[in-house]
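Engineer: With chain A fixed as given, assemble chain C onto it according to the hints.
Taken in order, these protein sequences are the chains called A and C.
Residue numbering for the first sequence follows the numbering used here, beginning at 1 and increasing consecutively.
Residue numbering for the second sequence follows the numbering used here, beginning at 1 and increasing consecutively.
These are computed hints drawn from the structure, not numbers from a lab.
Be a bit skeptical, because a hint or two may be false.
Unchecked claim - Counterexamples of contact, computed for chain C against chain A with all Cβ distances above 12 Å:
| no. | residue |
| --- | --- |
| 1 | V58 |
| 2 | L224 |
| 3 | T235 |
As the list claims (entries may be wrong) - Think about it this way: if two alpha-carbon atoms lie no more than 27 Å apart in a straight line, the pair counts; the simulated DSS-like pairs of lysine-lysine are:
| no. | chain 1 | residue 1 | chain 2 | residue 2 |
| --- | --- | --- | --- | --- |
| 4 | C | K240 | A | K200 |
| 5 | C | K236 | A | K196 |
| 6 | C | K169 | A | K82 |
| 7 | A | K143 | A | K42 |
Glycine included, each C-beta is placed from N, C-alpha and C at the ideal position.
Each chain is listed here by its residues.
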Amino acid sequence: MEADAKKPGRLKMDGWIFFLVGLIAALIVGWMVFPLLLYSEKSQPLIFSHASHGPESDAGLDCEECHFFYEDGTFSGIPGIKKCMECHEDPESPLSENSEEVKLFTDYVGTKKEIPWLVYARQPDCVYFPHIAHVKMAEIECKVCHGDFATRKVPPTYKLNRLTRYSIDIWGRNIAGYKKNTWDTMKMDDCADCHKRKGKENNNACFVCHK
Amino acid sequence: MKKEENSKGNRYGMVIDLDKCTGCGLCTIACASENNISVLYDESDKTRNIAWLQISMVTNGKEFPETEVVYIPRPCMQCDNPPCVPVCPATATRKDPNTGIISQIYTRCIGCRYCMAACPYHARAFNWFDPLFPEGMDRYLSPEVSPRMRGVVEKCTFCHHRLMRAKSKAYAEGRRDLKENEYIPACVEACPTKAITFGDLNNSEHTISQLIKSPHAFRLLERLGTKPKVYYMSTKNWLKRMADNYLTGEFK
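Same shape as in the complex, but just chain A (with noise of 0.2 Å):
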């Protein structure tokens, strides 16, 4: 009786760890794998530190010193190189010993040719998001959506989806999709949700932030 019952027994073992390495394998490829194939890294062209210029540095600009708003409400956005230019002018006399600041002078000021910053939170092209609707008429704060950029002293590495061409931060850095801040994904659905918990419903129509 024994010996009969053990014999099924040990060919349904067998089974089950031909299963389970599938599994585990197949789990290994779709989790991580994968991920490190679809997004390829790409670094800033400038190391630019928010902390050494935000409010609580040296230099005390306000977020709004670069990031304004233009008068008929539409957002500056990442203020090009003439804004940099306002402070770091004369090459002769850099303001910091940085070698960001050197690669600054001889490749962008020198030049006068636009930073090509890559943009964390580009969206696709049907999207409109008005930030003054946010910024002034809602009050929400830049870290809300962005995460908490004024005390960053390195910029976070950009991850462009392979497939999309957009960066991951759309998605979010956690492949599951799981978020724990409201900044880590910015996805249709986080506009919907937010929107949905301050009562805005109506703003949840397709023509408020598609065009």
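Structural biologist: Positioned in the frame of chain A, the structure of chain C alone reads:
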């Protein structure tokens, strides 16, 4: 006139005075360049070309001394009871609850063209080809309007991006409400005879809400019950009859 649906919020509408329209076509050009409308490889193929605003010519069919010609510019009617919306299997088109404008989301559209079949005004166009912008023209594209890809349906949006632009400006000035004529579509702005009036039908202070009460105001195919928000004005009775699509001798 009784307020129709969507009595809360705005209901943007248009009145086109056909007695003032000369059929010059400037509105169609303004529309096409404002909204990044691409050109065809063969623009003479009128079954497949794209126009958000089209001008039709109608006559009263009489002999010379009595002949009358009228040009009818036809944007999307932005119906209050839109036939195109319920047929969309992808929810790519909806009536906006805030403005009454019928939205069309190109990235959501699957190109089945049910909406085109449903629209009695032929206001929708299908992208049969990849968008083509001749060299140099691509530099004139507006960043405020998303260009469409092959395989999706597009239509007039009452220059919705201009509403967004006007709103941003109002926010910058600390206002939430828009003044009259702060938001007008490109065709309205371009019209040299000022035949087109644009505004909020729900706002009694806007000229348009008075104009639609005129006995000369009518809408196209009113009997279908689509309740368009684009009104026409004309003193010509034969035109009013034609617009409602009566058969000869059907009533009377």
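Engineer: Does T235 of chain C really sit off the interface, with its C-beta more than 12 Å from all C-beta atoms of chain A?
Structural biologist: holds (35 Å)
Engineer: Does the alpha-carbon distance linking K143 of chain A and K42 of chain A stay inside the 27 Å limit?
Structural biologist: Holds, because 23 Å separates the two Cα atoms, which is no more than 27 Å.
Engineer: Would you mind confirming whether the straight-line C-alpha gap from K236 of chain C to K196 of chain A stays at or under 27 Å?
Structural biologist: violated (50 Å)
Engineer: Could you let me know if the closest chain A CB is still more than 12 Å away from the CB of V58 of chain C?
Structural biologist: Check passes; 32 Å lies beyond 12 Å.
Engineer: If you draw a straight line from the CA of K169 of chain C to the CA of K82 of chain A, is it 27 Å or shorter?
Structural biologist: holds (25 Å)
Engineer: Was L224 of chain C rightly flagged as not at the interface, with every chain A Cβ beyond 12 Å?
Structural biologist: At about 24 Å from chain A, L224 of chain C clears the 12 Å cut-off, so the statement holds.
Engineer: Quickly compare the C-alpha distance for K240 of chain C and K200 of chain A to 27 Å and report which way the hint goes.
Structural biologist: Answer violated: K240 of chain C to K200 of chain A is near 42 Å, above 27 Å.
When held up to the earlier numbered hints, the structure conflicts with 4 and 5 and fits the remainder.
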